[in-house]
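Chain order of the listed sequences is A and B.
For the record, in the first sequence the residue sitting at position 1 is 1 according to this note's numbering, with numbers rising by one throughout.
For the record, in the second sequence the residue sitting at position 270 is 270 according to this note's numbering, with numbers rising by one throughout.
Hints were generated in silico from the structure; no laboratory data involved.
Note that the Cβ used here is the ideal one computed from N, Cα and C, for glycine as well.
Treat each hint with caution, since some may be false.
[Said to hold, decoys possible] Derived EDC-like pairs: lysine to aspartate or glutamate, alpha-carbon spacing no greater than 20 Å straight-line: (1) Lys129/A x Glu325/B; (2) Lys145/B x Asp160/B; (3) Lys48/B x Glu325/B; (4) Lys209/B x Glu287/B; (5) Lys129/A x Asp160/B; (6) Lys129/A x Asp118/B.
[Unchecked claim] Computed far set for chain B versus chain A, every beta-carbon distance over 10 Å: (7) Phe53; (8) Gln77; (9) Trp78; (10) Ile100; (11) Ile120; (12) Leu138; (13) Lys172; (14) Ala178; (15) Ala189; (16) Ser207.
[Stated by the list, open to error] Stretch by stretch, here's where chain A covers chain B in the computed footprint (C-beta under 8 Å, at least three residues): (17) 110 to 118; (18) 121 to 131; (19) 256 to 263; (20) 310 to 316.
Each chain is listed here by its residues.
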Amino acid sequence: MFYREAGQFKTSYEKDDAVFPILQDRIGIVLILLIAFVGIPLFASSFFISSFFIPVLVFSLAAIGLNLLTGYTGLLSLGTGGFMGVGAYACYKLTTFFPDTNIILLILLSGFAAAGVGAVFGLPSLRIKGFYLAVATLASQFFLSWCFVRIPWLFNYNVSGAIEVPTRTVFDIPITGPNATPVTRYLVALSIVVLMTWLASNLIRGRIGRTWMAVRDMDLAAELIGIKLYRTKLLSFAVSSFYCGVAGAMMVFLWFGSAEPDTFNINQSFFVLFMVIIGGLGSLIGSFLGAFFIWGTPIVLKAVPYYFDVAIPAATVEHLTFMILGALIIFFLIVEPAGLARLWQIGKQKLRVWPFPY
Amino acid sequence: MDLLYRVFIDPFVQMGAAPDLLVQTLWEGLVGGVLYSLIALGFVLIFKASGVFNFAQGIMMVFAALTLVGLYSLLRQWGVNSGELAAYLALALTLVVMFILAWVVERVMLRPLVNQPDIILFMATFGLTYFLIGFGELIFGGEPKVMITDELHLPRGAIDVNMLGGFVSFQKLDIAAAVIASVMVAGLALFFQKTRIGRALRAVADSHKAALSVGISLEYIWVVVWFAAGIVALATGIMWGARSDVSFALEIIALKALPVLILGGFTSVPGAIVGGIIIGVGEKLGEFYWGPLLGSGIESWLAYAIALIFLLFRPQGLFGERIIERI
């Protein structure tokens with residue numbers, strides 16, 4: 001009823017090509033940003049912020065990264081966790097080398113290290129395709145996690161092998177380290193995510209994104225119309241790893257505060273892949289929805305017994321969560337293989353034509 | 001120069017100096033490889049017949065082993081006095097459970113997902129993995145269990161052979177594993193080549209549509225294939241369980257089977273065997289002779305590195321069907 005584009009006439013190509021061509025969408029995004037930037041810091045408890053919103057932001061960014069690679073370029077990768085780790089360790093090394101530089105800049109810069117590593121591990125994609133490539137990217141995952149344990153230079157030769165996040169301030173406000181409040185960390189993470197989502201959406205709509213999608217739809221045909229495959233695929237790996245690297249750096253610096261070598265193991269890769277698939281391949285909003293769903297569901301499931309005062313042992317809850325999450329994944333794939341993003345689109349379409357069925 | 005010497009010369013000098021150690025390492029690699037190839041075999045069966053990359057194969061193995069051990073202890077509690085009887089009864093019941101699992105998977109998961117893109121089916125098996133992990137731990141508990149090797153009459157102990165100026169010890173269990181694996185592969189080969197169902201399976205693998213049009217029921221074939229993969233999983237689970245404890249930590253071994261798979265090719269049974277042996281032997285040799293150079297623990301990725309090197313020359317794996325692309 002309210003979601004109508006009737007009467008909104010486009011008088012220029014710029015308006016027609018806008019990211020949000022419909023007025024209601026623009027209002028919606030402003031509202032969401034307002035809630036995210038003002039509402040949540042004001043009203044949400046700091047525990048909820050640090051255990052729900054920050055993780056969701058981190059995973060959303062990682063999911064966007066993987067979505068660029070898997071959803072837009074059609075290259076299935078299981079090395080996400082490793083690339084996130086590269087970002088985190090790069091950021092850690094950068095903070096040791098440049099203690100006085102703005103930490104937000106360093107977090108963004110560490111993405112470049114991940115991008116370089118990602119491009120190198122993307123090299124097999126020029127020859128190997130499909131599931132063969134997916135398993136080949138597992139090599140990068142295992143090799144990188146081995147590096148995080150075995151190369152002491154990465155964690156500054158400390159005994160525990162873990163990395164501790166130092167306190168860094170920007171304008172005298174602590175951003176990272178134990179003194180930073182959850183709200184500051186949340187706002188920093190949110191700003192980075194918003195900025196990088198905006199970049200990604202423009203990247204996808206531009207020439208680069210179109211070449212990616214051409215490669216996804218059929219790489220042979222893309223090559224025939226003059227797209228250089230190696231350049232496109234490697235760029236996709238690099239950009240995707242850049243996003244994952246920044247997400248990894250954010251994960252350690254803005255969320256965990258420290259990281260064991262085992263943090264970036266293979267389960268991290270699977271987790272992000274879940275988000276991308278459940279959210280919807282080839283959709284930015286899907287990455288966010290997927291992250292919300294996959295991170296939120298276990299939390300809700302674990303909270304349910306407490307609300308109903310049912311005494312279930314913690315271990316049982318853990319196992320039940322696994323079972324239900326697995327069943328839900330299968331259920332969603334059956335109901336809507338195109339992911340939550342598709343449901344979102346269907347909902348919008350229904351609103352648009354309401355009260356008529358079509 | 002020193003590094004080059006240590007990489008290219010020294011390991012071979014070591015091999016020549018202690019041939020008994022070399023034989024021992026080769027043997028262990030061979031057995032490990034055979035067990036990897038058993039897991040890979042389960043993958044290949046399902047991929048051939050339904051095009052599903054079944055990530056849950058590893059967890060099916062753990063689940064089968066857990067069910068076997070769990071049922072055995074249940075049967076003993078219920079008053080089956082003879083350990084042997086209980087063990088074989090549990091074995092039979094586990095087969096029934098694996099059949100039910102295959103049937104449920106086909107009914108609930110695969111049938112609604114027919115004709116979906118590969119990646120969706122792949123993800124669905126991920127969901128199945130999670131479900132089985134939760135389900136298995138819920139029923140059998142998370143703590144490691146001991147495989148009932150004696151009750152199943154699996155041999156234990158070792159045969160020491162005096163050869164090449166030293167003793168090489170062959171674990172009897174490993175020999176049994178190799179024998180069982182060979183019997184199983186031979187059985188599967190016969191089943192595929194000689195029986196009516198086997199022929200139907202091959203038809204489905206070639207083309208779903210063509211198979212349907214000559215009256216082969218996809219549903220039936222898929223249950224059979226998942227059941228066959230379940231039996232393979234059970235055998236693998238028993239063997240791995242006998243070598244270490246039965247727990248969900250075994251799942252990590254399934255990840256080791258993936259390089260075997262890409263090395264041999266997703267669609268080839270002989271590929272799974274040869275790939276398994278190459279990976280198993282390569283891994284053990286690398287860990288033993290080149291491992292000290294890089295620091296230990298390289299076997300976590302060495303298998304993948306070996307597989308990648310092969311893949312660069314044959315992108316479809318050693319025995320995989322040639323991928324033909326048309327516009």
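Status of each hint after checking the structure:
| no. | hint | in the structure |
| --- | --- | --- |
| 1 | Lys129/A x Glu325/B | holds (11 Å) |
| 2 | Lys145/B x Asp160/B | violated (29 Å) |
| 3 | Lys48/B x Glu325/B | holds (19 Å) |
| 4 | Lys209/B x Glu287/B | violated (46 Å) |
| 5 | Lys129/A x Asp160/B | violated (46 Å) |
| 6 | Lys129/A x Asp118/B | holds (13 Å) |
| 7 | Phe53 | violated (5 Å) |
| 8 | Gln77 | holds (21 Å) |
| 9 | Trp78 | holds (24 Å) |
| 10 | Ile100 | holds (17 Å) |
| 11 | Ile120 | violated (5 Å) |
| 12 | Leu138 | violated (4 Å) |
| 13 | Lys172 | holds (32 Å) |
| 14 | Ala178 | holds (26 Å) |
| 15 | Ala189 | holds (24 Å) |
| 16 | Ser207 | holds (18 Å) |
| 17 | 110 to 118 | holds (count 5) |
| 18 | 121 to 131 | holds (count 9) |
| 19 | 256 to 263 | holds (count 4) |
| 20 | 310 to 316 | holds (count 4) |
In this structure, the hints that do not hold are numbers 2, 4, 5, 7, 11 and 12, in rising order.
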